[in-house]
Every structure is written in structure tokens, then in C-alpha cells.
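Asks: Sequence:
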Amino acid sequence: MSKPTGLLAPHNAEDWSLRDAAHFLWRAQFGATAAEIKAAHDAGLTKALDSLITPQEESENFKEVEAILREAAFDTGATEDLQAWWLHRIFYSANPLAEKLTLFWHNHFATSNAKVRSIPHMAAQNDLFRTEALGSFRHLLKEMSKDVAMLIWLDSNANRKRHANENFAREVMELFSLGEGNYTEEDIKQAARAFTGWHVREDKFWFNKRQHDFTDKTLFGKTANLDGGDVVDLCLAQKACARFIAFKLLRAFVLDQPSSTSVDVLAARITEHDYAMSP
1 MSKPTGLLAP
11 HNAEDWSLRD
21 AAHFLWRAQF
31 GATAAEIKAA
41 HDAGLTKALD
51 SLITPQEESE
61 NFKEVEAILR
71 EAAFDTGATE
81 DLQAWWLHRI
91 FYSANPLAEK
101 LTLFWHNHFA
111 TSNAKVRSIP
121 HMAAQNDLFR
131 TEALGSFRHL
141 LKEMSKDVAM
151 LIWLDSNANR
161 KRHANENFAR
171 EVMELFSLGE
181 GNYTEEDIKQ
191 AARAFTGWHV
201 REDKFWFNKR
211 QHDFTDKTLF
221 GKTANLDGGD
231 VVDLCLAQKA
241 CARFIAFKLL
251 RAFVLDQPSS
261 TSVDVLAARI
271 TEHDYAMSP
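Counted the way this note's numbering counts, the sequence shown spans residues 1 to 279.
Straight-line distance between alpha carbons at most 27 angstroms, and here's what the computed BS3-like set of lysine-lysine pairs gives: (1) Lys115 to Lys100; (2) Lys100 to Lys63; (3) Lys146 to Lys248; (4) Lys142 to Lys239; (5) Lys248 to Lys115; (6) Lys189 to Lys239; (7) Lys248 to Lys100; (8) Lys161 to Lys209.
Between beta-carbon pairs, the in silico distance windows are: (9) Ile68 to Phe220: 42 to 52 angstroms; (10) Lys189 to Ser59: 48 to 58 angstroms; (11) Phe220 to Lys63: 40 to 50 angstroms.
Hints are computed from structural coordinates only; laboratory data are not their basis.
Backbone N, C-alpha and C fix where the C-beta goes; we use that ideal spot for every residue, glycine too.
The whole structure should be built from the sequences, with the hints applied where relevant.
Replies: Laid out in C-alpha cells, this is it:
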């Protein structure tokens, strides 16, 4: 863009250039044709954005091919076949922003089938990212704390009341909500205790009461019989959380190096709307 800004603020007709439209589409979806760029420019930023965030019905051909590819992945159990299913969605979906956000959340909540070893679990996680692509980060983070693929990936079945495993609690704070430097090692220990007993059994989330620590924990100044859901809420209540998510969204969709002011502005919006991605 001729005048890059930390946030894509509404433009008037003279400010919204073809270069702006190209930047917008290349960030919001997986590339754009010259015709698409011109159409977005002619429509203006507001209408161009509305067209991307408004769900579009997929074609019958798209649905048919997607179903075939998904079934093939489930039949073979091969990661490459699940990737082929998703690539079909990326290339041909009528909802490119939803797919771009699905990829964003997939990278944010990094998980690998190399350890999970279950195409159904990985597909279910991918579906969740898509469902919440323009939904609520609060809801997504809570759902991910019970996501079977994530629980397997971070060894949650090893998190027991006598021997708390810190893997999941650490990732929740460091990678999923707060970022480095915004929590202490004691916070990790307390959060890990709150997540004890959050296990997987028969391919489903299972709250194992016998292995959950029901005693008081202290996290971010609150002392109570906290569980995993409480940990998520307490992380979301920290100012660092909204800034962490704002920075990552701006870097992915606007500028590689967003300014601190831009991060603060978007973080305030995120907090105001209780982590709704499309208020």
C-alpha cells in the first residue's frame, strides 16, 4: 500500500487504491486475480470486506469432490490424503477468508498427526477451526482445551493429581493466549494442577474425576478450586492475552511488523467484544 497503516481503517474512494485492494485480498485470502482486485477496488473496502465475511453456499460440485476426498482420507488414514482434502478447500472454497483463518488457527494451535495418529481427530480439529474462524476466540480456546487431538499431542493423559504434567498448561499460556514473559513458572504449575484429569478415553474428551486435583490453586491472584475452564477464563482476562492475539492477527492479515499503537487499538476492540472475531 502506498501509505501502510497499523490497521486497515475505512478508506474513502480516493484513498482506496488498486494497490490497497490487492494487498487486502492477498492477505485475506490465498491470492487474487486481476479481475478480483479490480472488483474489490470498485466495490470499496467496506463492501469488499462484507463479501468475504458473509458465508457463501458452496457449489454442489465442490461438496461432492470434498466428500470424496474426505472419505478417502478416512479410509486410508494417510496424512497426505487429509492434506489433499484441505487443499481442495483452500483452492476452491467459496469462503476463502474462512479457509485463511482456518490455517491461521491451525498454525496458532499447532498439532501434528505424526503423534496424534488419527485422521478423524485431526479432521475434527480442522473443522473446529473453520467453524470458529469468524466466531469467538474465547469459545475456541475452551473447545481446544478439550480437543482430542490437542490432548493427545500434549500428553494430557499423563496429567494426574499426584504427578501433574505441565505440557498443556505451558502451551496454553506461552503459545495460545499470553505469550512469553507474561506468566511465571508457578503459574504453570498451578494451571497444570487445574487441568489434571482432562483425559481422552474411547476417542473422546473424558473428565477423569479420580485423577483431578480438587484442592485450591492460586493463579493470577485468584485462589479457588480452579479447573481448566477457569484457567482459560483467567488467561483471557489478562491484558497480555488480547495484545498477543491482536499482534498475531495484524501480522498475518495486515502488516509483518504492526506498530505497538495498532496492537493496542485492536486489543481494545478484541476486549470490548469479548474476543469475538467478527463482532
